[in-house]
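Asks: One-letter residues, chain by chain:
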Amino acid sequence: MCTTCGCGVADDIKIQMPGDLATMVSDLNIEAHHDHTHSHHHHHDDRTIIDVEQDILQANQLLAERNRGYFLGKNIFAINLVSSPGSGKTTLLEKTLADNKDKKKFYVVEGDQQTMNDADRIDALHIPVVQINTGKACHLDSDMVNQAVIKLNPEPDSIVMIENVGNLVCPSAFDLGENARVVIVSTTEGDDKPIKYPDMFAGSDVCIINKIDLLPYLNFDVEKAKAYARQVNPNLIFFEVSATTGEGMNEWYEWLLSKK
Amino acid sequence: MHELSIAMGIVAIAEKEAKKANVAEIKAIDLEIGTLSGVEIESLNFAWPMAVANSVLEKAEKRIHLIKAKAKCMDCGFDYNIENLFDTCPKCGSYFKDIYQGKEMRVKSLEV
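Chains A and B supply the protein sequences, listed in that same order.
Mapped onto our numbering, the consecutive letters of the first sequence carry residue numbers 456 to 715.
Mapped onto our numbering, the consecutive letters of the second sequence carry residue numbers 28 to 139.
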């Protein structure tokens, strides 16, 4: 399990495909976190100082880079979808897969605290999917994704979509080894989300504004939301879409399929 | 954020180092935390006793060294202190910046 994470214990984490028997992370004896630091010791009086100089999230970062290398080697484009719960991540994913599965080979990693519900929705589209149930944890980490991707064994030249746990705070600190992070914000949320949760927007490459079909009924100001997001991250690429009606989805598909 | 996770990560690093150094107890730990790392010091302090219980850090003194966030403006080159990710350059008002310090979350050293 992720050595940095205390909010879930390994016994709670399940990684499974629809119709599968669950694999508990604790059953897998993966020696992913080798330690190669060489500490230096100094002695002062009766005290000994050990210089550690180690990032607290180093174990996650190292495995994330290994995932990134795996994707690079197989020419796979991997994206990490993040948002608050209820922004329409899974609906957006379903629509994207349904409209593009004939053009490109897709694989999906679903992250949720509990249930196989999301994986079942993706499975219904005949897309290979692995569900990660994080148990008590509030985010996916690179170790979980590593195991899920090994289980999926994606073909070269494909796209791997990783749907993170719905949470705008914790997942921002955990690199999964993705090629792009996509943050989704919906019009039913506040347009100041980007500055309320700046870390997530600062670390993302793309921002999708979803549920634009509901704009006439809401006070959400699209331009204001974009301006806030640009304050945190001037390089963000925006797509304004409705995953329900399909409005604006083509621009998003164009971007997604242009990535190699 | 997830300060209990962070604290558990620190414990994991300390346990590994203690084993290497063949000591059962750590007297003090020095941490470097950037002001833009996302770690709330108060939450970390709150989570600390639970995280270190029955570990080599149980009796250790925790010393946190805050590292102030600094950025360089990518438009005019001005070097400035920042408090929020959305702060602008005080000289030219640009949002384009390279935050080169302040995101640290590091175990600096252990005293045994």
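Watch out, some of these pointers could steer you wrong.
Coverage of chain A stretches by chain B, computed from C-beta distances (three or more under 8 angstroms per stretch; other residues unrestricted) [unchecked claim]:
#1 503-510
#2 557-568
#3 644-655
Bear in mind the hints are in silico, worked out from the structure with no lab data behind them.
Nothing here was measured: the structure is a model prediction, and the numbers come from that model.
All C-beta atoms, glycine included, are put in the ideal place defined by N, C-alpha and C.
Asks: Are at least 3 residues of the region 644-655 of chain A within less than 8 angstroms of chain B when you compare beta carbons?
Replies: Our answer is that it holds, as 3 residues pass the Cβ test (under 8 angstroms) against chain B, meeting three.
Asks: Please verify the coverage claim for the region 557-568 of chain A: does it have three or more residues whose C-beta sits within 8 angstroms of some C-beta in chain B?
Replies: It is violated: at least three residues are needed, and the region 557-568 of chain A offers just 0 whose Cβ sits closer than 8 angstroms to chain B.
Asks: Quick one: see if chain B covers the region 503-510 of chain A, three-plus residues with Cβ-Cβ under 8 angstroms.
Replies: holds (count 8)
Figure legend: structure checked against the earlier numbered hints; the only hint not met is number 2.
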